[in-house]
Amino acid sequence: MLKYGKSLAKDQNVTKEDFFITAQWLNNHLKDPNSDIVVLDFSYNNSIQNEAAREKLSQTDPSHPFHRIYEQKHVPTALPIYINEVEDKSTFNIKSAEEIKKALENKGISNDTTVIVYSDDQCIAAYIAFIVYWIGIDNIKFLDGGLKGWEDAGYSFESGTNQPTLTGKITFDVPKRPNILLKTPDDLLKAKDDNPELIIASVRNWQEYINQISGYSYMTTSNNKEIAGAVYAKSSFNNDCAYFVNNEFVCESKEAMDSWNQWGITPEKDIVFYCGGGYRAALVYFIAKTLGFKKVKMFQGGSFQWNKYHQKNPSKYPVQVGNPRTKEFRIIN
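Our numbering numbers the first residue of the sequence shown as 127 and each following residue consecutively.
Hints may contain errors.
List of simulated lysine-lysine pairs, DSSO-like, C-alpha gap at most 30 Å [as the list claims (entries may be wrong)]:
| id | residue 1 | residue 2 |
| --- | --- | --- |
| 1 | 318 | 380 |
| 2 | 420 | 316 |
| 3 | 318 | 421 |
| 4 | 421 | 228 |
| 5 | 199 | 274 |
| 6 | 233 | 221 |
| 7 | 421 | 434 |
| 8 | 142 | 420 |
| 9 | 415 | 228 |
| 10 | 221 | 420 |
| 11 | 136 | 420 |
| 12 | 309 | 415 |
| 13 | 142 | 233 |
| 14 | 295 | 228 |
| 15 | 136 | 318 |
| 16 | 132 | 318 |
| 17 | 309 | 157 |
| 18 | 420 | 129 |
Worth flagging that the hints you see were computed from the coordinates, not collected in a lab.
With these hints in hand, go ahead and build the complete structure from the sequences.
If you want it as structure tokens, here you go:
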């Protein structure tokens, strides 16, 4: 049974450095007519690139949280955001900063807007939050507990579709935080060349890490191995971040932190987190920031893209199999 420490969310004295806020905080600020808040709803359904698959999923079991569609149920004032607004369909990489900037401005987001992101799953919300933060919006927040947290607090939902009420204008050069995002395997190689001490940390679960399972229904263990040199950043129990997320509420985890320390993942070091394609790694990025890690990044291409590159050029993009602390461990290049 997983053990959780104190909540990482705040409901008062919230600053720019606080990424997780409670439903009570959001409800109070939505009542303020002078608040400069934009709420983004990034449902699991909206995170699926294939439109036909998204439509089919929404019709199979509407009571399931992962099948929810925005138009049927969302937090009041929330605007929908879709994966194709932020991610390239051909490469699955995050779009250019200018394209993201335009998408955010279309949501009414400006330099000093407070952006609240939520989803049916905190890892999904984290992906959008990371992109917004990478662009340069300082006041980026997660609704702790996500959609469930709002409901558990006793607040009501809306249906239908909202339109932006603010006029968005981002005037700074984008991205304002270019160094926190490594999109492609070549970006990761360059970062490692620039800093040989860079720690490459996989947030995938242990079975994924040692290549017993791929972790994804559309991949096998043969084409989803770990990046050579990666250490294990204990975060996921399954395809999740369950060591830090209790029923969508984000918490401290002594168990995970003790493990990180044993693998050399400590606050003073330069660390890049990755998973299969960015969702879990994005959430761990914000958790690490909240816990005092200063020099953290995310490799968005993840094991999925690294393995594609490995198949074409194994020596340039080597992979690893097994537990690095056992004799069965091997590098494939």
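Cross-check of the supplied hints:
Under the criterion of a C-alpha separation no larger than 30 Å, the hint pairing residue 318 with residue 380 is consistent with the structure, at around 29 Å. For the hint linking residue 420 to residue 316, the alpha-carbon distance of about 20 Å falls within 30 Å, and the restraint holds. Simply put, residue 318 and residue 421 have alpha-carbon atoms about 14 Å apart, close enough for the 30 Å limit, and the pair holds. Of the supplied pair hints, the one linking residue 421 and residue 228 holds, its CA atoms being roughly 28 Å apart against a limit of 30 Å.
Restraint check: the Cα-Cα separation between residue 199 and residue 274 comes to about 12 Å, which is no more than 30 Å; the hinted pair holds. Between residue 233 and residue 221, the direct Cα distance comes to roughly 17 Å. Compliance with the 30 Å bound is thereby established for this hinted pair. For the suggested pair residue 421 and residue 434, the alpha carbons sit about 28 Å apart, so the restraint of at most 30 Å is met. For the hint pairing residue 142 with residue 420, the CA-to-CA distance comes to about 15 Å; that is within 30 Å, so the pair holds.
Simply put, residue 415 and residue 228 have alpha-carbon atoms about 27 Å apart, close enough for the 30 Å limit, and the pair holds. The suggested pairing of residue 221 with residue 420 holds, with an alpha-carbon distance near 25 Å, which does not exceed 30 Å. Pair hint residue 136 plus residue 420 holds up; C-alpha atoms about 20 Å apart against a cutoff of 30 Å. With a C-alpha separation of about 20 Å, the suggested pair residue 309 and residue 415 falls inside the 30 Å cut-off, and the hint holds.
For the suggested pair residue 142 and residue 233, the alpha carbons sit about 20 Å apart, so the restraint of at most 30 Å is met. Pair hint residue 295 plus residue 228 holds up; C-alpha atoms about 9 Å apart against a cutoff of 30 Å. For the suggested pair residue 136 and residue 318, the alpha carbons sit about 35 Å apart, so the restraint of at most 30 Å is broken. Between residue 132 and residue 318, the direct Cα distance comes to roughly 34 Å. Violation of the 30 Å bound is thereby established for this hinted pair.
Our distance criterion of 30 Å between C-alpha atoms is broken by residue 309 and residue 157, whose separation comes to about 38 Å. With a C-alpha separation of about 25 Å, the suggested pairing of residue 420 with residue 129 holds against the 30 Å cut-off.
In summary, the numbered hints that this structure violates are 15, 16, 17.
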